[in-house]
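Chains as they are written, first to last, in my numbering: chain A, 1 to 346; chain B, 1 to 322; chain C, 1 to 502.
It is possible that some hints are incorrect.
Which chain A residues face chain B? A few, computed with CB under 10 Å, are given here [as the list claims (entries may be wrong)]: (1) Cys124; (2) Gln129; (3) Ile144; (4) Val218; (5) Leu252; (6) Leu269; (7) Val296; (8) Ala299; (9) Val311; (10) Cys315.
Keep in mind the hints are simulated off the structure, nothing from the lab. Even glycine gets a Cβ: it sits at the ideal position worked out from N, Cα and C.
Listed below are the residues making up each chain.
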Amino acid sequence: MNRMMKHHLFWPLSVLGALLLFNLVYSPDFFSIKMQGGQLYGNLIDILNFGAPLILVAIGMTLVIATKGIDLSVGSVVAIAGAMSCLTISKGADQNSLGLVLGAVGLALVLSLATGLWNGLLVCGFGIQPIIATLILMVAGRGIAQLITDGQIITLSSDRYKFIGAGSLAALPFSIFVVAAVFAAAALLTRRTALGLFIESVGTNPEASRLAGVRSNVVVLVVYMFCGLCAGIAGLLLSSNVSSADGNNAGLWYELDAILAVVIGGTSLNGGRFYLTGTLVGALIIQTLSTTIYSVGIAPEITLVVKAFVVLAVCLIQSESFRQAIAQRWRTRRYPGEKEVARHVS
Amino acid sequence: MFLNRKYFPILVTMALFALMMAMGAFRYTGFFSLQVLFNLLIDNAFLLVVAVGMTFVIVSGGIDLSVGSMIALTTMMSASLVQQHGVPPLVVIPLVLLFGCAFGWAMGAIIHYFKVQPFIVTLAGMFLARGLCYVISLGTITIDHPAYTSIAMAKISLPGGSFLSVNVVIALVVVLAGIFVAHYTRFGRNVYALGGSEQSTLLMGLPVGRTKIGVYVVSGFCSSLAGVIYTFYMLSGYGLHAIGTELDAIAAVVIGGTLLTGGVGYITGTFFGVLIYGVIQTLISFEGTLSSWWTRIAIGVLLFVFIVLQRALSARRSTVKL
Amino acid sequence: MTNAQPILQMNGIRKSFPGVRALKGVDFRLFPGEVHALMGENGAGKSTLIKTLTGVYAVDEGSVLLEGRPIRVHSPQEAQAAGISTVYQEVNLCPNLSVAENIFIGREPRGFGGIRWKEINRKAEELLSERLNLRIDVQRMLNTYPVAIQQLVAIARALSVSAKVLILDEPTSSLDSNEVNQLFAIIRKLKGEGMAILFVTHFLDQVYEVSDRITILRNGEFVGEYKAAELPRIELVSRMIGKELDVLEELPREAEEGLIDRKVWIEAAGLGRQGAIDPFDLAIREGEVVGLAGLLGSGRTEIARLFFGADRADRGTLKLAGEGGGVRSPREAIARGIGFCPENRKTEGIIDDLSVRENIVLAMQASRGWLRAISRKRQAEIAEEYIRALNINPPNPEHLVKNLSGGNQQKVILARWLLTEPKLLILDEPTRGIDVGAKAEIQKLVLALSRKGMSVLFVSSELEEVLRVSGRIAVLRDRRVVKEFEGQGIGQQQVMQAIAGG
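Excised from the complex, chain A in its bound form (with noise of 0.2 Å):
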């Protein structure tokens, strides 16, 4: 039992159990599942079909933050390639041609990397810290995603377009299935090559890597493009699940529901282990979250407030002054400088 307690996805399971559960005793039939026009519908189906974008987005995070980064970009990565890939059928004679569509999602996806090559740079080749170097495409980007859609919400009738994040395959959403290829795809590249453990190689600590060997640049490059991707992934499910792009509210505050994710998930924000399946779990609780406050009937702005204090519930257990604090805090209370040279002690 010990055992069980101690491996790293108890707690976030737990809690999304019990969120569930909590939704169960609230409204008995919240698990039920009913078969309709060929299709599954389902509070849970909704959850996930939901959540998928958030889930997307918070895969990437997971690795720029194994190697000690942050990407505050994502959520204006998210309008841009919606923007994109909107305006681009909009611009065509056929909406709804094949080759238009996945013109139109290729070029989304490209530029999507293209912003993530950008933020890798800054923080690679520039040395900028990754909180600034990412707060510049946040602030500009939004801009720039605006600029796309001139300011218009651009809207679509392709059908081909709105299977992306509207259709469904075999009975369920298709952006499950797409969330699921990306889940494998990080996790193969991240697990059955060494990238994963060059990241958290990196992260853990990078100068003993970087005598190690380690190409420390090309490893961070590398997890801000994917970031940069996953997010205009994501950014392509939302605005075809509406068949339109908002340039001024697509993905807004994503970045910190992403964080969050992350770290319910149980990775650090300090670097080093990552946890894809933990991100995975973090992001269900989240869509979780809300739909449950949504179905209990309280706002769903209240939502922030909850989201609040989870973080910082979260953190605080992460820091290990707190749990000193705990445990220890008479002994050096009265040698404030002890803890705090202590680091830089050789």
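Using the hints, position chains B and C against chain A.
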């Protein structure tokens, strides 16, 4: 004295501002009037106040992402107390200012005592404040209390026919107070020391904890004061007020020459940073054909240029030393 | 010159950290008008002793008397108030503030309009010119001045707080010889004014140039207090590294002989790095074990790092025989067949949140690139193999490295490099913190490797083991290579003499 190298960044900022004003005057008729400049201040008075607080935080080496939400919360609290509970403004305003200080103190304490990164703590603060807005009310609460409306409409006439609003006066007082605190009080100097090197500050026997928490209290106070100004400006409390203001404030501070790594920066620089922000907005609205989101892009570009410049300058400095 | 009463007296000081006893009953006394040098090798406890004086650490046991009265100092603030001021090696001032401000911050004179800047600037100028013979623009930012001046500013700050005790912690590490002379002139002046100065350094020449008294610590223990004039260099060195002069014997040398005709594998010519090591020549032959001997701070680690490309040299060349290429980065070094176990294994060696297995395969994996991953199964095999070969405990490859003891961590790093089968293995203090049995194992391993044709660059503070394994020894003192010994019959005494110099 002004040839001193440390004034270089702020001179760049001032030059940039002058350049932009010149561009505007050259391109558009009616641009180069005092009223245009004053309108700039009127519209961005609240940003100026917030940016002063943000300057202290960033100079100390931290960051505060909660300021926008704090503004919104302040407007909401004020509106709710004044309109729905009939509390007189003379009580409400000090109350919300006190709340801002307390909120800032709480964040600062967590950051200092538990060593949690400022970015995440103030992020949580941002969530919390905005969420509390909605707890109070989901929609707008309009303010029609005579004290507020009269302040909102007051025009302070200046010789020459132009006018300012009360908000601008408050903002300018805050700027001057900020300059005084930063350069003439021990607290202010400790903030600069902390941003320069936390370890040195500790070993030199300076009060690290008090200073660290202090800057967040200052930022909280400035955010709530900016919220009060915002209430005079918008005459309503609303959860969607001031979204993104924290980014605007950070941008203004950086463009004003403050290093995001801490230790270097001037309130005067921030003042010009806000002016530049305002000028960009004005230029774009004068242009007519450009849409307002170009402001975002322009700010982003400027931010990029300044950050890279800062990085290049600091890299060069560190290779000169051994 | 010396008062009868010490101004500072520390008795029986004990201080422990989790897992290590840093100070085991140390006595120390400081007289006014004297310069007292505190000396000791790594782990001796010098740094810890100073930090207990300045309020950074709490003393577990023992008493501290300042001017005859017991004091307890809980923070740097209190130390300063009590009259104990420290100037650290890294000059702990604020680089972004002006010179005058650095001197007075925390105690700025205030008036109605706030801080009185004119007064601060004036007082700073006076202080610097009168007591330190330094005339500079006090309004310029501190970091526009070289380290030597910054240090003098730090001393000025100490003086302005009316220090009774001035502690100088490794003040000359970043200074050139002119600046050192300047500093010593100031020290002598202050000494003449009655200041009590505690001087920590590892530069032997400087100790004798400026100190009146010397206290030696070793392994947290107090070895003795001596008058500088009465302590010959060789005795100082032998007491610091723990070898009694008359007990020196020729230890059985097991190093390989007759290597003179082997080919040179790598050669440094005039290689140097400003502030770290003066230009030196050193060649390492195939299958040779070259040892670097010298005191802490004499430049041994700097040489090791240059050979691996961990630091960039700014003069001279480092060439691999036959290829002519240099070594400019760790990746290049690894590609050419060099491995490096760093001195500071905690910060530069182990990736502490990763497992033993991951730490061992890291360098090998890095050289293969990210696509050609070593399979999990193979990784486990490799880990098991090296766990057995080096006797790593606990023998669980999934154990997190941060939970291993220091000695076992060292073995993990060793395994990492052995796996890459390097042609030159650089070991910087490989047996530090390892128990006696494991030490012998590693020494034997080094010899076995050299017999198989691997070259080894061996850095260690323990003269005994350097002598035991090395076929050639380069002796360093004060950041210069001063002598090379080769072949039969290198004796401990010879080497110690070279280290001590004079």
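Hints, one by one, checked against the model:
1. Cys124: 13 Å, violated
2. Gln129: Glutamine 129 of chain A check passes; min Cβ-Cβ to chain B is 7 Å, inside 10 Å.
3. Ile144: Nearest chain B Cβ about 6 Å off; hint holds.
4. Val218: Violated: closest Cβ of chain B sits about 21 Å from valine 218 of chain A, beyond 10 Å.
5. Leu252: This interface hint holds because 8 Å falls under the 10 Å limit.
6. Leu269: With Cβ-Cβ at 6 Å, under 10 Å, it holds.
7. Val296: 15 Å, violated
8. Ala299: 5 Å, holds
9. Val311: At 4 Å from the nearest chain B Cβ, valine 311 of chain A passes the 10 Å test, so the hint holds.
10. Cys315: Because about 5 Å separates cysteine 315 of chain A from the closest Cβ in chain B, which is inside the 10 Å limit, the hint holds.
Against the hints set out earlier in the document, violations occur for numbers 1, 4 and 7.
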